[in-house]
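Engineer: Using the sequences and the hints given, assemble the complete structure.
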Amino acid sequence: MNPAPQPCWSCRGPIPKPVPFCPTCQTIQPLDPNLDFFGLFMIKPGYQIDRGQVESLYRQLQQQFHPDRFATKSPKERRYSLEHVTRLNEAYRTLKDPLTLALYILQQGGVTMDEGHPTTPTDPAFLMEAMELREGLEELDLNTDGASDALDAMRKEVQGRCKREIDGLSALFDDYFSNNNQAALESAAAGVNRLRYHNRFLEELDQREESLF
Amino acid sequence: MDVLLDIAEPGQSLKPHEIRMEQQRRVVGIDLGTTYSLVSAVNSEGIPACIPDESGSVSLPSVVHYPDQADREPIIGQAAREMMISHPTSTIASAKRFMGRGLADLHEEAARTPFILEEGEGGMVQIRIHNQPISPVGVSAEILKSLKNRAEEALGGEISGAVITVPAYFDDAQRQATKDAGRLAGLEVLRLVNEPTAAALAYGLDQGREGMYAIYDLGGGTFDISILKLTQGVFQVMSTGGNSALGGDDFDHCLADLFIQEMGEKNPSASLIQGCKKAARWLKEQLTDKEQASITLTHGEGEAYQRTVTRAEFDGLINKLIRATGLPCRRALKDAGITADELKGVVLVGGSTRVPAVRAFVAELFKQEPLIDVDPDQVVALGAAYQADLLSGNRRDGLLLLDVSPLSLGIETMGELVEKIIPRNSPIPTARAQEFTTFKDGQTAMAIHVVQGERELVSQCRSLARFELRGIPPMTAGAARIRVTFQVDADGLLTVSAREETTKMEQSVMVKPAYGLSDGEIETMLRDAINHGAEDMRIRLFNEAKVDADRVLAASGAALKQDGDLLNEAETKKVKAAMLRLWETTQGKDHEAINQSIRELDRDTTFFAQRRMDRGVQSTMTGRRVEDFS
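Here the protein sequences come in this chain order: Y and D.
Each residue of the first sequence is one higher than the one before, counting from 1 in my numbering.
Each residue of the second sequence is one higher than the one before, counting from 1 in my numbering.
Worth double-checking, as some hints may not be accurate.
[To be verified] Computed footprint of chain D on chain Y; a stretch qualifies when at least three of its residues, placed anywhere within it, have a C-beta under 8 Å from a C-beta of chain D:
| # | region |
| --- | --- |
| 1 | 73-83 |
| 2 | 105-113 |
| 3 | 165-173 |
| 4 | 195-203 |
[Unchecked claim] Restricting the straight-line Cα-Cα distance to at most 30 Å, the calculated cross-link-like pairs of lysine-lysine (DSBU-like) are:
| # | chain 1 | residue 1 | chain 2 | residue 2 |
| --- | --- | --- | --- | --- |
| 5 | D | Lys278 | Y | Lys76 |
| 6 | D | Lys229 | Y | Lys44 |
| 7 | D | Lys344 | D | Lys145 |
| 8 | Y | Lys163 | D | Lys420 |
| 9 | Y | Lys76 | D | Lys344 |
| 10 | Y | Lys163 | Y | Lys96 |
| 11 | D | Lys440 | Y | Lys96 |
| 12 | D | Lys145 | Y | Lys156 |
Don't read these hints as lab results, they were simulated from the structure.
Virtual Cβ for every residue (Gly too), placed ideally from N, Cα, C.
Structural biologist: If you want it as structure tokens, here you go:
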């Protein structure tokens, strides 16, 4: 059943379904609160998204909605532009990064990371590996010549682990989106946790590296 | 908006359809620099050019002299600069360094300036001159007013808006102070634009040169680095970094400090310090082309001090300062996720990039010779004019700037730690929310401390604002959910609000930066500054009403075009007549008349809107518009 058309706030004509611009007078409309990040970018929901396509769509959408395009318009139009672009930037940031995207998919699917899923991984083998890496970082003397290379080697190692987690998540999320398999989503949570852990470690590597600059 | 009005009745002399709804607006770009300021506008061919003063010079020295008789107008620019040595304590230069700063931020600066600095009501530093407190915002407003007058004379009429540039690395308080200065000068600030971004625009990087660029901007008092990506007509800032207290003035200070030390002056007078700085600047400029240069100064009881400085010696003196620009550059590259070899070009901005040692350092750092084909002194102002033209809707070439917030924003949590809410280099405008909770049973208030910076400890970041959220319903510790929302607008300005979620009780608080001007100060300054305040207000109200009238007319025109078949001839006439009346009021001067006509048009077209909606509902029901089903 189609929803009843809503009147455009500016020309008061009918808008059959939520669209960003009125089909009659082309005036910007308020942001549709039901639109998710995939819908905003008009792409198919999924985990393996084409990041080049997202970049390109981001620029096209900015061209349409950016406050610079509404600088001479009425306060209401300027406010709607601000709302659209604020949301667009949030969506862009989320879609760009495998970790934030994974967290978003879980959240949209009703899996909250803090309830029923511990925020740090509990798998003993994983913890052992992680501990070794952390010790390696702690023992690293940043004043030696090879420090930069050692950091790079560690980064490569952790990035490799991230890649493996992302591959695993891709399969689970594919299962979830194609077969509506809620169980796949639940099991993705552990992988997301490990990915988050690796990301934190990479951030720490970055912080150490700054002191070398 | 190119919608044309075709509502003239036959036989009428008025042909509104020939009138563009938006006339060209007179807008300018202003580079409000530490040492020089410039104003620029786009000519009829769409090319930006800097506007010269009557002597033909485009650069206005950012210097203001306050005469000792209070009734005399301040002296601005070159004439003021010439008074720096004779009137060192009543002539203010480099006020940009004080913008949005508290006394505590400036202890090093305070020791060097000849002025008496003190804390103003809102926390921002003030300069005491002739026993009167002068705010840096007021000084900047004088410079802006002078540029505004220059532009109005050159362009032949009132300036309706301005883009003012700020260093990308300016924090919230510094940006707010700049906007306040614009307001005080009677300018409508269309947008604050980051200097490197403006420079990129002016550089004509839009001429098919897609790729990544670094903009290295070393001005008189600030250093900025930005990495930009240009694709499909969009300039996307990938990362920024810098130091808002490092610039060419510091090169002068190195030399001036050396002179004073060699003179053996333990307590140099204000005018000797200014004399040394002037000589230092002259030497620095000479050393751009020459291998060595000499100065002679008199000090003490008329003793002569003669000094020759070679370029190598100068390079040695400033080497540490130049190297200090390296860290932000490497960090910016990393934040952008690229290496130096991936850069398509490096653009130099700011007078201080004329120093050969700076150019050599940049070439080494980025592994390529920098681009220098636009005058580095003018490039920022030119870009600002271009952006002003884009914003005013005069231009249709579709270029778009996407900027970022330069510093992380966060709030203080337990143990004086900072919880980041908006990380640095987030595309703006942006909004982020974070939830916090109470830590005591029955807690009804919560202090919120907003900070800006990259460090983990509150004391190492810049404090922007403190406020208290009150009226939290008493609950057990940890039960309340307080949602703190940060919103950064397109100018890079921050608003923070907080709300208790469990009760859905709206408790929003807007905050102002701690180092801003207090409302009282702004009010007093506005009262002092604006003698035609009422006129300004009237113009603003009229412009607002006209913008809305344009929208209503365009909407009505579109409605007639789409659904005109729903009206009979008499009804069409009635709607068109109401539109014409509204259009006529927009040609007058009375905003109330416009608003009244908008209301009347609204009333006269309600039946039309109703019929349009009815048809819309019907077509949904009967499925006539199959394409709408999905």
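Engineer: A separate judgement is required for each hint: does it hold in the structure or not?
Structural biologist: Hint check results:
1. 73-83: Holds, because 5 residues of the region 73-83 of chain Y bring their Cβ atoms closer than 8 Å to Cβ atoms of chain D.
2. 105-113: violated (count 0)
3. 165-173: violated (count 0)
4. 195-203: Contact hint for the region 195-203 of chain Y vs chain D: violated, 0 residues under 8 Å.
5. D/Lys278 - Y/Lys76: violated, 51 Å
6. D/Lys229 - Y/Lys44: Roughly 27 Å between the alpha carbons, so the hint for D/Lys229 and Y/Lys44 holds.
7. D/Lys344 - D/Lys145: Violated: D/Lys344 and D/Lys145 sit about 39 Å apart, past 30 Å.
8. Y/Lys163 - D/Lys420: Between Y/Lys163 and D/Lys420 the Cα gap is close to 27 Å, so the pair holds against 30 Å.
9. Y/Lys76 - D/Lys344: violated, 40 Å
10. Y/Lys163 - Y/Lys96: Answer holds: Y/Lys163 to Y/Lys96 is near 15 Å, not above 30 Å.
11. D/Lys440 - Y/Lys96: Not satisfied, since the Cα-Cα distance of roughly 39 Å exceeds 30 Å.
12. D/Lys145 - Y/Lys156: Violated, at roughly 56 Å.
Hint compliance for this structure: hints 2, 3, 4, 5, 7, 9, 11 and 12 are not met, and every other hint is.
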